[in-house]
Amino acid sequence: MPLLSLNNLVKGFPSENGRRVEVVRIPSFELAEGEQVLLRGESGSGKSTLLNLIAGIVVADSGEITIGDNSLGPLSESKRDAFRARSLGYVFQSFHLLDGFSCLENVELGMSFGAGVDRAFARELLERVGLRNRENYRPSALSQGQKQRVAVARALANRPRLVLADEPTGNLDPKNAVAALELIQSLCRENGAALLLVSHDPQLGAQFDRVVELSELNQADSLQSGEGDAA
Amino acid sequence: MKPIAIAYRGVRERLVSSVITILAVALASSLLMLVWAFKKEAEESFAGATGGFDAVLGPRGSKLQIVLNALYHIDESPGLMRWEDYERASKFPAVEAAYPIAVGDNYRGYRLVGILPEYLLNHEYAEGQGFELESGGRIFESKAMDAVIGSFAASKLGMGIGDTFHPYHGLIYNENAKHEEIYTISGVLKPTGTPADKVIWIPISGIQTMSGHNPAAATDVSAALLKFKQGANMAGFQLDMLYNKQGDRLTLAWPASRTITQFFDKISWFDKILQAVAILVAIIAGGSILAILYNTMNERKRDTAVLRALGARKSTVFAISLLEAVGMTLAGAILGFGVYLVLGFGIGEVVRNETGVVLDPLRGNAAMLWAPLGMVAIGVVAGILPAIKAYRTEVARNLS
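Chains as they are written, first to last, in the numbering used here: chain A, 1 to 231; chain B, 232 to 631.
To be clear, the hints were calculated from the coordinates, so they are not data collected in a lab.
Just so you know, even glycine gets a beta-carbon here, dropped at the ideal spot from N, CA and C.
Among the clues, some could well be false.
Stated by the list, open to error - When the alpha-carbon atoms are kept at most 25 Å apart in a straight line, the in silico PhoX-like pairs for lysine-lysine are as follows:
id	chain 1	residue 1	chain 2	residue 2
1	B	LYS374	B	LYS322
2	B	LYS532	B	LYS620
3	B	LYS532	B	LYS545
4	A	LYS79	B	LYS233
5	B	LYS460	B	LYS271
6	B	LYS387	B	LYS409
7	B	LYS545	B	LYS233
8	B	LYS421	B	LYS458
9	B	LYS270	B	LYS503
10	B	LYS532	A	LYS79
11	A	LYS79	B	LYS620
12	B	LYS545	A	LYS79
Claimed, not checked - Label-pair ranges, simulated between beta-carbon atoms:
id	chain 1	residue 1	chain 2	residue 2	range
13	B	ILE615	A	ASN17	31 to 41 Å
14	A	ALA141	B	PHE576	42 to 52 Å
15	A	ALA120	B	ILE565	26 to 36 Å
16	B	ARG533	A	ARG132	20 to 30 Å
17	B	LEU604	A	GLU30	52 to 62 Å
Next comes chain A alone, as it looks inside the complex:
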């Protein structure tokens, strides 16, 4: 049984001229437990929308998203929030660390809405990403690469079954990008989490169990006709 399965997933948004623009139409997609998959797609190919659908942040117009035994469709918004807090990790391109919080607190935030804060594990994760000695630093005092390492630690903080990563190397220089990617992958493996990483970078791929071209997976009208700007 796959960890993640998408069936006939459709999502559209109203455009400025009032018409509805379809940005995601995925007939079928599966991800196994612990599998690491690269979803490769150009800007505007619906990568972020797809991750937001899987995370339960946005709701599909139709179709089904199943993660483990949970089908997201019937869940209320608050239950999707609770599910996300317990079962998913999210790594963003812009890191999205909170400036008012220290590195340690940012990692603890990743636990706060799920099972609760486990400071020892938060410190363990910071140790693992090489920033234990900076646990009290604010994000503004860190380099870009360090920020992404904290963000990776935060994504793993709630011991998720699935980590979603949206262009996690997009804001990093090549050296830091390679390091960050290795870190995400190894941490996911160590923690038994599957990884679904979306990126437009053509150089990525070799490190993953599977590479899926989003242009082949996503059959949305807007992508077929070149209309609209899928996020």
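Assemble chain B onto chain A, guided by the hints.
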């Protein structure tokens, strides 16, 4: 991490504006308490510090001036009245006790009040509470060159039994206006919490015949303090009719406590200004909270979206935003209570220095509850709009 911890970090992140807001709330809260609670305390303490007298008979003039001079020893006497007027008043059937007083000199700013020894020996300044002396002291004889000093004056002047002093002419200390007479302290009064504490008591004949005073007025007095018999409810009306309506030489201030409350009523316009200022500051503080939270919502949209992406519910981010507003007002209200206490005790000390009346800023008053709670309520109202905005934050849009 609990919502309150997240809210605290939000407040800390905007430290300068948060501190300014907290100070505004503290100012508003303390002003509200001062205007309502402390003013009430002052009014009640002054009205209750009439020294156990029902009325004051003095020369023709302002009732307030007579009461302030005779009972609180803080204003000039409107003039003098004859000894016979005192004696006549003391013989009214409804009058239980009458004591003449003469006010006119000072020692280093502390007033000398001339009285009969019976005043200190027999009079109860409060129900069942007569004057008491510290050990070793004694009340002076009626013609002696002795003095009994109030506890506060003794403490401030550093004087005790056996110390001597020259009286100085007038109510304001002038080192060139020294009288020749020398008085010896024969006793120190135990604290009473009344104006008696800041007075130096001497025999009334001493003031009347002090060197340099007008010999023609050697039997005159400043006022007569009257205590009515219990149940003599009509006494005040009768004497009021006699002295204030029919007579034109003397003035009866009755009831003594009402003269003080009437005075407070007369300056109630000032209270209203203070109340308006306090309410205005409270509104400004509330507006400040609203402005700070609302204006920073744009930059906080991303943070809110991140919290939601990490699994925070809409109700949680709503609560976090509201807690920031409530937290700031709560901190302000607590600080405001501290400011109120500092100002209250400070003003209380000044009032005690000037009048001897003891004010207790901690005496229970509803305003000490509703003023801080009112500020927190303002925080809730001011925090609602930003909290709704946080609640409605579009997560996907603000993460991209």
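Taking the hints in turn, this is what the structure says about them:
no., hint, verdict
1, B:LYS374 <-> B:LYS322, "23 Å, holds"
2, B:LYS532 <-> B:LYS620, "9 Å, holds"
3, B:LYS532 <-> B:LYS545, "13 Å, holds"
4, A:LYS79 <-> B:LYS233, "19 Å, holds"
5, B:LYS460 <-> B:LYS271, "29 Å, violated"
6, B:LYS387 <-> B:LYS409, "20 Å, holds"
7, B:LYS545 <-> B:LYS233, "15 Å, holds"
8, B:LYS421 <-> B:LYS458, "22 Å, holds"
9, B:LYS270 <-> B:LYS503, "12 Å, holds"
10, B:LYS532 <-> A:LYS79, "22 Å, holds"
11, A:LYS79 <-> B:LYS620, "21 Å, holds"
12, B:LYS545 <-> A:LYS79, "11 Å, holds"
13, B:ILE615 <-> A:ASN17: 31 to 41 Å, "36 Å, holds"
14, A:ALA141 <-> B:PHE576: 42 to 52 Å, "44 Å, holds"
15, A:ALA120 <-> B:ILE565: 26 to 36 Å, "34 Å, holds"
16, B:ARG533 <-> A:ARG132: 20 to 30 Å, "27 Å, holds"
17, B:LEU604 <-> A:GLU30: 52 to 62 Å, "57 Å, holds"
The earlier numbered hint that this structure contradicts is number 5, and it is the only one.
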